[in-house]
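Assemble chain B with the ligands onto chain A, guided by the hints.
Chains as they are written, first to last, in this note's numbering: chain A, 1 to 162; chain B, 163 to 438.
Just so you know, these hints were derived from the structure itself, not from any lab. In this text the structure is predicted, and so the values were computed from the model without any measurement. Just so you know, not all the hints are guaranteed correct.
Derived list of chain B stretches under chain A, where covered just means 3 residues or more per stretch with a C-beta under 8 angstroms from a C-beta of chain A [stated by the list, open to error]:
# : region
1 : 324 to 335
2 : 339 to 346
3 : 417 to 428
Glycine residues also receive a C-beta, built at the ideal position from the N, C-alpha and C atoms.
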Amino acid sequence: MTSKKVILSGSFGVGKTSLFNKFIHNKFSDKYLTTIGVKVNKKVINVDGTELPLLIWDIAGEVSQNKVPNSYFLGASSVIYVFDLTRPQTYKNLQTDLDYLKDLLPGGVIKVVGNKKDLMTPEAIEEVKASLPLPVDIVTSAKTGENVEELFQQLGRDLISV
Amino acid sequence: MENTRTKTAKSEEALLEELRDILLREDRQSLSEVEAYITNPERFSKRVLPIIEEQLEFFKKHFPDEYRKVVDRQIEARLSTFKDDMIGHLSPVMGKMIRKYVAHQFQILKEKIDNTVKSTFTFNSVKRKVKSTFSGVDERELLLVELDNTVIEEAYVIQRDSGLLLGKASREETLDQDVIAGMLTAIKAFVEDAFKRESEDLEMIQYGTYKIFIQDYHSYYIAIALQGSLSASEKEKIMTLSLNFAERELRTLNKFTEETIKHISSKLHKYFIQKK
Ligand SMILES: Nc1nc2c(ncn2[C@@H]2O[C@H](COP(=O)(O)OP(=O)(O)OP(=O)(O)O)[C@@H](O)[C@H]2O)c(=O)[nH]1
Ligand SMILES: [Mg+2]
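Looking at chain A on its own, in the form it has when it is part of the complex:
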């Protein structure tokens, strides 16, 4: 398989870099170092016996997606849209952001991810999910690593079947 470009996007401080670091280096830090510009890294995943190299672009968070330079999304196969389960302002633009991304990448795989699962009770998480206009694909914790591997596996499967 040739490499696929995957974008990590969403508001600032939601845990994009943390998910990226957890997935690639299996590391987590409590420190918040905001991303400037873009960081690119690579990980080859194995999806049901197929090697799939992912080039993951961890980009600086923006309050709304139309603030992200368009060129970052060019040629991407997928966008992982991350929000912070504990901060409503990070998912208040969910609908408009997703409409925008779908427009930008027709046919692209878009994943909606609620992060910082470890900070919430299962009930509170259900409440947040119910309040949203769109289904959430997966809830993760970059801190504990819960569902991080699973997120990329799901993504890989979707990418191969496209």
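Showing chain B with the ligands alone in chain A's frame:
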């Protein structure tokens, strides 16, 4: 009644004339002096000659400087109008690449002209002459060595939009080249976005003596990483090489698979890395 009025008018005129005379006397005087100078050639030249001579003396002393400034300015002006003309004719037909190429050619031309204007007196050329008489090497050969101060470290073909690698070759094993290609594309996108210059693409990224030279094509770009100094003529060499590469090796490729990536990579190695 009539008479008195004309009388007053007349005397008013006289008064005015007197007033003018008082106010403008000095000016009128110097004006007539100047008139006298100009109408009398002998007096005129006596007065002006020293000034001319002084200027001439100054000019003799500073002649090379002054001369060069004027010539440089003229060459530059001439080149730039000619360049614009030429680009104007060419660009609708052949597009941005030619435009850049022509602009680049003129840059080299200008560099060459600058060098010939300067070279007679530059320390380096004297040094070169001395060196060549002592070591017995042809002067031209030394010049060639000077041009070869660059080593190509890496060569990439990168998909323009996605930043994904379509081919790679390097002198030594490097970090993940896919990541470098991605970062390069991200930097490129960032810079091009930040300066909103759609017609111009980022051409070079430089850290110290390490340079990444970028050439954009339709759906991909070629990036060449170099170590060392790079003059315009060397840049031109590399550009020609990359143009040739694109034309011969990439033109017929429109699908990119693992096989084509391998193929492009080995060709990249042949063109850019392998010692001739
Ligand atoms: N408890 C907890 N904290 C997290 C989690 N993910 C990230 N954080 C913390 O949230 C803060 C921000 O995380 P980052 O990964 O830097 O956020 P980001 O989305 O990359 O932010 P920008 O680069 O500014 O857009 C950091 O202090 C992280 O330690 C998580 O799953 N659980
Ligand atoms: Mg970040």
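Tested hints:
| no. | hint | result |
| --- | --- | --- |
| 1 | 324 to 335 | holds (count 4) |
| 2 | 339 to 346 | holds (count 4) |
| 3 | 417 to 428 | holds (count 4) |
Figure legend: structure checked against the earlier numbered hints; every hint is met.
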